[in-house]
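Asks: So you can see what is in the structure, the chains are spelled out below.
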Amino acid sequence: MKRLYVGLAPALKGAAGLSVLAHLEDLGERGLVRAEGVGLAGTFMLA
Amino acid sequence: MSDDIPFDRTPPKPGALETLSPLVRRFVIDNPSPFTFTGTCCYVVGHGRVAVIDPGPGRDGEAEALLAALDGEEVSRILVTHTHRDHSPGARRLQALTGARIAGCAPHWSARAAADSEASALDASADRDHAPDQPMAEGDAIEGNGWRLEAVETPGHTMNHLCFALPQEETLFSGDHVMAWSTSIVAPPDGSMGAYMDSLERLRGRSERIYRPGHGGPVMDPDRFLRGLLGHRRMREASILAALKEGPSTIPRW
Numbered sequence: 044m045k046r047l048y049v050g051l052a053p054a055l056k057g058a059a060g061l062s063v064l065a066h067l068e069d070l071g072e073r074g075l076v077r078a079e080g081v082g083l084a085g086t087f088m089l090a
Numbered sequence: 122m123s124d125d126i127p128f129d130r131t132p133p134k135p136g137a138l139e140t141l142s143p144l145v146r147r148f149v150i151d152n153p154s155p156f157t158f159t160g161t162c163c164y165v166v167g168h169g170r171v172a173v174i175d176p177g178p179g180r181d182g183e184a185e186a187l188l189a190a191l192d193g194e195e196v197s198r199i200l201v202t203h204t205h206r207d208h209s210p211g212a213r214r215l216q217a218l219t220g221a222r223i224a225g226c227a228p229h230w231s232a233r234a235a236a237d238s239e240a241s242a243l244d245a246s247a248d249r250d251h252a253p254d255q256p257m258a259e260g261d262a263i264e265g266n267g268w269r270l271e272a273v274e275t276p277g278h279t280m281n282h283l284c285f286a287l288p289q290e291e292t293l294f295s296g297d298h299v300m301a302w303s304t305s306i307v308a309p310p311d312g313s314m315g316a317y318m319d320s321l322e323r324l325r326g327r328s329e330r331i332y333r334p335g336h337g338g339p340v341m342d343p344d345r346f347l348r349g350l351l352g353h354r355r356m357r358e359a360s361i362l363a364a365l366k367e368g369p370s371t372i373p374r375w
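Taken in sequence, the protein lines are chains A and B.
Residue numbering for the first sequence follows the working numbering, beginning at 44 and increasing consecutively.
Residue numbering for the second sequence follows the working numbering, beginning at 122 and increasing consecutively.
Bound-form chain A, shown alone:
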């Protein structure tokens, strides 16, 4: 998923990762994605 934020300023990359996590958790709540592990350490896949 690195290509989602190509060209992003280095200072913002931590926040970008958290934003991706926020999307993944929302997708999980909607039944579209599931995770093994929690948070930034998780592995995500389509449900």
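Read the hints as simulated data drawn from the structure, not as lab findings.
Be aware that one or more of the hints could be misleading.
What the hints assert, rightly or not - Across the chosen pairs, the derived CB separations fall in these ranges: (1) A:Gly-80 <-> B:Gly-260: 38 to 44 Å; (2) A:Gly-50 <-> B:Arg-170: 46 to 52 Å; (3) A:Ala-90 <-> B:Ala-258: 32 to 38 Å; (4) A:Glu-79 <-> B:Gly-136: 46 to 52 Å; (5) B:Arg-355 <-> A:Gly-80: 41 to 47 Å; (6) B:Pro-153 <-> A:Gly-71: 31 to 37 Å; (7) A:Leu-51 <-> B:Asp-261: 34 to 40 Å; (8) A:Ala-52 <-> B:Gly-193: 24 to 30 Å; (9) B:Gly-352 <-> A:Ala-52: 19 to 25 Å; (10) B:Trp-230 <-> A:Gly-50: 47 to 53 Å; (11) B:Leu-351 <-> A:Gly-80: 25 to 31 Å.
Stated by the list, open to error - Chain B stretches covered by chain A per the calculated footprint, using a threshold of three residues with CB under 8 Å from any CB of chain A: (12) 296-310; (13) 313-321; (14) 360-374.
Where a beta carbon is used, it is the ideal one built from N, C-alpha and C, also for glycine.
Add chain B to chain A, keeping to what the hints say.
Replies: Structure of chain B alone, referenced to chain A:
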């Protein structure tokens, strides 16, 4: 960032009390960063007896500088949009100097519990000491001479995030929920993307014509801006799902 969002990155200058409209003045705190742009926008509403919105990080001298700029006007109420350290701690400093009551968002709370292994990169930004005298909920209002500020619940960036509507000027003080210079950070476990998207939808159809955010200049076409933000997030979501079609993935550690 999406080309469909009409960003405006005109930088407001810190350090001076600037008149924006008949009822609204802005004092930009000098706390620039990649996340705060040129600094936190502290707003003053009214004249004589005023409300102050988001006094900022509360560093030495900031509250004093704001009061010096107000030159004898009385702070009748301090409002806070949300409990991030660049917005809320200054409320306590300003209260200590003026005796004004603190109103607005509730104490900090998270969208979900943090996992044992989880350390939010932005956790240091949460102000867990915020304890308002007057927590406000949807529709609650503070009134002054010729103005009224109404709370609009907009959880997502933080779960306690409030915007404040000023009907007399068709204005919404939008905190960090909607900003003209950048998209907003939504960071678990404190923030929630689902709540954030619902809150964006909730703002559509409201009557405000101008948003005054917590960082940067105003949003002059809120309806178009909201459409852009929603479209941007949905595109991001589609990109994530497309990436996962290729197989399981982890979040990059840049």
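Asks: Determine for every hint whether it applies to the structure shown.
Replies: Hints, verified against the model:
In this structure the hint that A:Gly-80 and B:Gly-260 lie 38 to 44 Å apart at CB holds, the actual value being about 41 Å. The hinted range of 46 to 52 Å is satisfied by A:Gly-50 and B:Arg-170, whose Cβ atoms lie roughly 49 Å apart. Taking the beta carbon of each, A:Ala-90 and B:Ala-258 are about 35 Å apart, inside 32 to 38 Å as hinted. Checked against the hint of 46 to 52 Å, the C-beta distance between A:Glu-79 and B:Gly-136 comes to roughly 50 Å, which is consistent with it.
With their beta carbons about 26 Å apart, B:Arg-355 and A:Gly-80 fall outside the hinted range of 41 to 47 Å. Between B:Pro-153 and A:Gly-71 the beta carbons are some 36 Å apart, a value that agrees with the proposed interval 31 to 37 Å. As the Cβ distance of A:Leu-51 to B:Asp-261 is approximately 38 Å, the hint placing it in 34 to 40 Å holds. Checked against the hint of 24 to 30 Å, the C-beta distance between A:Ala-52 and B:Gly-193 comes to roughly 43 Å, which is inconsistent with it.
Between B:Gly-352 and A:Ala-52 the CB atoms are about 23 Å apart, so this pair conforms to the stated range of 19 to 25 Å. Judged by the Cβ atoms, the range 47 to 53 Å given for B:Trp-230 and A:Gly-50 is violated: they are separated by roughly 35 Å. Between B:Leu-351 and A:Gly-80 the CB atoms are about 30 Å apart, so this pair conforms to the stated range of 25 to 31 Å. Beta-carbon proximity to chain A at under 8 Å applies to 5 residues in the segment 296-310 of chain B; the threshold of 3 is reached and the given coverage holds.
Using a Cβ-Cβ cut-off of 8 Å, 5 residues of the segment 313-321 of chain B lie near chain A, which meets the minimum of three, so the contact claim holds. With a threshold of 8 Å between beta carbons, the proposed coverage of the segment 360-374 of chain B by chain A holds, since 13 of its residues qualify and at least three are required.
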